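Student: Protein sequence lines, in the order shown, are assigned to chains G and C.
The opening residue of the first sequence carries number 1 in the numbering used here; numbering runs sequentially from there.
The opening residue of the second sequence carries number 1001 in the numbering used here; numbering runs sequentially from there.
Hint data in this document are derived by calculation from the structure and do not stem from the laboratory.
All values reported here derive from a predicted model rather than from experimental measurement.
Hints should not be assumed to be uniformly reliable.
Derived coverage of chain G by chain C (criterion: at least 3 residues anywhere in the stretch with Cβ under 8 Å from a Cβ of chain C; other residues may be distant) [what the hints assert, rightly or not]:
{"id": "1", "segment": "8 to 15"}
{"id": "2", "segment": "42 to 55"}
{"id": "3", "segment": "154 to 161"}
All residues carry an ideal CB built from backbone N, CA and C; glycine is no exception.
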Amino acid sequence: MGSRKRALRSALEASSVDLLSYLRRRTDSDEAPDLLGETFVVAWRRLDDLPEESERARMWLFGIARGVLLNHARGVHRRWALADRLRGHAALAPTTAPPADEHLEVRDAISRLEQDMAELIRLVHWDGLTITDAAQVLGIPASTARGRYQRGKELLRLALDPAVAS
Amino acid sequence: MTLTPDHLDVLLTDSAPAETISSPALRRDLAVMAVEARAASRVRRRPLRVAATAGLAALLVSGAGTAVAASVFDWAPWAQDPDLAYLFILPSGRACEARVAVYDIESIDSNGAVNRSEPANDSDFARHIRDLDLVEQADVEASITEVRQRDTTVSYVAVLPSGQLEDVHATPSGPTEDDVYAAAVSNAVRDVINAEAASFDGGHDYTGEESILCETVTP
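Work the whole structure out from these sequences, hints included.
Tutor: Have a look at this one:
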């Protein structure tokens, strides 16, 4: 069990910043540190399920973070004392500049997709995951993810450039 | 404007909200949070032994040569690859890291000077320590009680603004909560290493190095 604990520590250390980015991009950035803490707790509770291969372990953590986000949307929330400290980091300060209109338009188009399809697009284009890795996070077969991704991009192309449809 | 597939990819990627920029301090705090989370994950089965006494008191972590990689501290050469390393948070919120190395004793001369095996990390006992999670067993709360009972009229262990732990001459105000906690953590971990040595291979003599460094503060 000791090696498994060490493996989880390594996985958390390797992915914690990316997980924080992921959570900040999906929710109010002020809440992201609390959600990250909850993600860590769930990971420790599910230590026995930790995949041995490092990239799979990383996707497993993203999957847990996604579950925490879904619970958060249902109103499940815990405050972390250390989150206040994290919020003090300059890297976590809210950006003062509003996003460009073009970016808002794209984000809006993504958000109008079916929920899992939208998340697949975000995982690939925002978080840099491969479609196969994103499929693991979403808990769907890679072949399903590929089809859904292509369909999502078609819908986005239509939504963002109506001229393409004609 | 006509969207080509490549242009759409660029639009989607550029629409991402800003990523979080990593820094050593951020990574260290995330490492501490990961340890707190581990303690929190066990709360239903066993309450945190240190929480009531010390406010925020999250003990960590890592044994085997995996000292906290996010560390921003300047460690001595022996501490670059410790047998035991862990983070903890003082009651004031300052983050600290401790590193420990154990060495076998080869001989003790007539003056009591110890000759130890070199390098560290190359003994059966060191390997044994690295395979365990001794920090988890440390009873910091009991150690805090013991530290509070010490005579501090002459000197006591203090966490200096520079981040070092040092014996200082007594002051009218006495040790702070941070001083007490840092000394207690150190003692508690040393106790579990000693207990492990006592049961290792019928009783094992060892000597060790320990270094604790905390965040600096402006006095």
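Student: Give a verdict on every hint.
Tutor: We went through each hint and held it up to the structure:
A stretch counts as covered by a chain when three or more of its residues have a beta carbon under 8 Å from one of that chain; for the segment 8 to 15 of chain G and chain C the count is 4, and the coverage holds. Look at the segment 42 to 55 of chain G against chain C: 4 of its residues bring a Cβ nearer than 8 Å to a Cβ of that chain, three or more, so the hint holds. Coverage of the segment 154 to 161 of chain G by chain C holds. Counting CB-CB distances below 8 Å, 4 residues qualify, and the rule asks for three or more.
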